[in-house]
Every structure is written in C-alpha cells, then in structure tokens.
Amino acid sequence: MSGAGATERASYVLLRIGNRRFALPSRGIVELAPPVRLHDFPHSSKFVAGVIVRRGRIVPVYDVAPLLTGRESPLHRFYLISNVVVGTEQEASAIPVTGECELASGDVGPRAEDDPDYFQGKLSVDEEAVNVLNLEALVAAGAARAALQGVRA
Amino acid sequence: MKIASHDKAKPRRGKNSEQAILFNAGHRTFAIAAESVQEIRSTDSLGGSAIELDQTDVPKVKHLVERAGRNYFIVNACTHFGLRLTRPTLVLILRQIRAAVLVDGIERMEELNAIHALPKAFRGEERNWYRGLAYIEDNVIPVVSPSGFLTAAEFETLDAAAKAVQFEGVAEG
Numbered sequence: 025m026s027g028a029g030a031t032e033r034a035s036y037v038l039l040r041i042g043n044r045r046f047a048l049p050s051r052g053i054v055e056l057a058p059p060v061r062l063h064d065f066p067h068s069s070k071f072v073a074g075v076i077v078r079r080g081r082i083v084p085v086y087d088v089a090p091l092l093t094g095r096e097s098p099l100h101r102f103y104l105i106s107n108v109v110v111g112t113e114q115e116a117s118a119i120p121v122t123g124e125c126e127l128a129s130g131d132v133g134p135r136a137e138d139d140p141d142y143f144q145g146k147l148s149v150d151e152e153a154v155n156v157l158n159l160e161a162l163v164a165a166g167a168a169r170a171a172l173q174g175v176r177a
Numbered sequence: 039m040k041i042a043s044h045d046k047a048k049p050r051r052g053k054n055s056e057q058a059i060l061f062n063a064g065h066r067t068f069a070i071a072a073e074s075v076q077e078i079r080s081t082d083s084l085g086g087s088a089i090e091l092d093q094t095d096v097p098k099v100k101h102l103v104e105r106a107g108r109n110y111f112i113v114n115a116c117t118h119f120g121l122r123l124t125r126p127t128l129v130l131i132l133r134q135i136r137a138a139v140l141v142d143g144i145e146r147m148e149e150l151n152a153i154h155a156l157p158k159a160f161r162g163e164e165r166n167w168y169r170g171l172a173y174i175e176d177n178v179i180p181v182v183s184p185s186g187f188l189t190a191a192e193f194e195t196l197d198a199a200a201k202a203v204q205f206e207g208v209a210e211g
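Chain order of the listed sequences is A and B. Residue numbers for the first sequence follow this note's numbering, so the first one is 25 and each next one is one higher. Residue numbers for the second sequence follow this note's numbering, so the first one is 39 and each next one is one higher.
Hints were generated in silico from the structure; no laboratory data involved. Keep in mind that a hint or two might mislead.
Stated by the list, open to error - In silico DSS-like cross-links for lysine-lysine, where the CA-CA straight-line distance does not exceed 25 Å: (1) A/70 - B/158; (2) B/201 - A/70; (3) B/201 - B/100; (4) B/98 - B/201.
As the list claims (entries may be wrong) - Far from chain B by the CB rule (all over 12 Å, computed), these chain A residues: (5) 44; (6) 91; (7) 96; (8) 137; (9) 143; (10) 152.
Since we're looking at a predicted model, the values are computed, not measured. By construction, the Cβ of each residue, glycine as well, lies at the ideal position given by its N, Cα and C atoms.
Given the sequences, and given the hints that come with them, work out the whole structure.
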C-alpha cells in the first residue's frame, strides 16, 4: 500500500484535527463519541491524554494533535474510537477530533517519499490530497517521541 | 460508523466486589483494597517512632517505622506517582509488604464491583503502580497495587540502609 504505485478504492472516515484534515480507513472504526469527559490520573505514558468511558468500557485517548499538527489538542472535541493493535491484541482507542467526521471513498495513492510512516497514502478528496493515517504506526511514533522527550526532560 | 450519544459506564454487579479505601495524594484520588491496609495512623502519631534513613537511591523513602519487629519503609505517595508534593497527614501501613504510604488524607470507603484492566496504551511505570481502574460515581480512579510501591531491588537498597542505621545505633549505644 504505502509507497506502492498501485491505487486502491475503499471507504474512509475524514476527520479534522485542528485545521488539518486526515483520513482513516473505515474498517476498524467503532464510533464517533461526543465530547465526553476526559479522565486523567497519574501515569508516565505521555502520548496518552487520559481515558474516556464509553458503553461501560474504559477507552484510552491518544494525544495525536501535537504530532500531526504541531499544536495542542483543541478543547472542544469529539473522540473517534477505532480498534488499534497494541502488541498482539486489539484495543478500542480514541483520538480527539475537531467537529464531526464524514465518510468518503476515493483513490489512495502512495505517500510522499519524505512522509512519516504513519501516513500510509494520500486520498484524493475535493481536489485535496488528504493523508491517510495508519493508527498503529502513529501510536508507535507518538510513544517513541514522548519517550524521547521524557529522556530529554 | 455509529454516532452515539452521551452515556455512562454500566455498573456491573460482580460476585467479587471488594472494599476499597479512597485516599488522596497530590490532589489526586486513588483506591486501595481495604484488606491490603493493616493500619492507618496520623503522621503526628508516628513522629517519634519514625527512623530517618541515610540514603538517596530511593528518593521516595526517607524514613522507616518498626511495627511488631518488622521494618516498614515509608513511601511518599506524591513522589511515587510523580505528583507535586503536598503535606501528608496520614500513613497507610500495608499488610503484606513491608511498606507504609504517606498520603494527604482518606476520602471514604467504597465497594468496588468491577476493576477494569489498565488499557494497554499505558506502557510506563503505571503498569506496576495500578491493578486496574475503577469507575466510581462518574470518576475513573486508579486502583493501586500495594506491591508496586517498592521493587525487590528497592527493598534491598533500603534494607541495607536500615542495617546501617541500626548498626550506628548499636555503636553509639
């Protein structure tokens, strides 16, 4: 998929983080949750903003905005919940998004050579090339970055 | 994709509910199984019996207290959890490990019907700190693991420091 010349057509969820648009493959998406309360407690996993409670389950929230936009997460936000493979298991996990999401389908082309691993390709939407996120790679990159910042601190 | 409305965690009545003590440290609330706490004392009442340890390898422990012939190392909960230091008023003396925990205060007792596993997204020291998470009255509260307060290596360091203090006491006496 990434870096390949071939294109594929599938369903994606378009989401907004800050003022940037991204896409996520719709398979694996669980739900778009309203701006429920973010619970926090002491921990050292800096890439995790806290947890939300959905349908009787505790769902971790990844703080992806600094990595994707270079800015803090917006305050009024929804949570897009998706299954993320952590180790050998899947875990429902949330990322904060600004506003509502929409479904789209289109051709996904290869990512740019200098794009990070967590962009798996580019989706053409409304004449815009939207980066398609690979959540597992994004989580790994965020955790590594947070660990590095922890060491520097 | 579902766009869902607000909801709350469903209270689950488990067969294995347990009594927990909700305590505060560094303006945060934690839960600990009541059965893992042997005794709760005020810091004032321990003042005279706490022995200062001359060691810096385990900064969260500055003192020990002797109870029934055993040394209990006093762990500052704020330092342990990386929180801003506050003034502790109580000490929880634990039952199965030789540790006591300095806390700001006790909130209340609570019956925990379910303890949720700590999500795998949490990969740091908190995996040792907590047994899991409890959802109590719209709050997610970490349930601490008593054995997470001190590692075997830390006990070894502290036991050596305790011996040195006791040796000094004998030499002076």
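Structure-based check of all given hints:
1. A/70 - B/158: Distance ~14 Å between residue 70 of chain A and residue 158 of chain B Cα, so the pair holds.
2. B/201 - A/70: The hint is violated at about 38 Å.
3. B/201 - B/100: holds (14 Å)
4. B/98 - B/201: holds (18 Å)
5. 44: holds (20 Å)
6. 91: Non-interface label stands for residue 91 of chain A: nearest chain B Cβ at 15 Å, farther than 12 Å.
7. 96: holds (19 Å)
8. 137: holds (30 Å)
9. 143: holds (21 Å)
10. 152: Answer for residue 152 of chain A: holds, closest chain B Cβ roughly 21 Å.
Hint 2 from the earlier list is the only one contradicted by this structure; the remaining hints agree with it.
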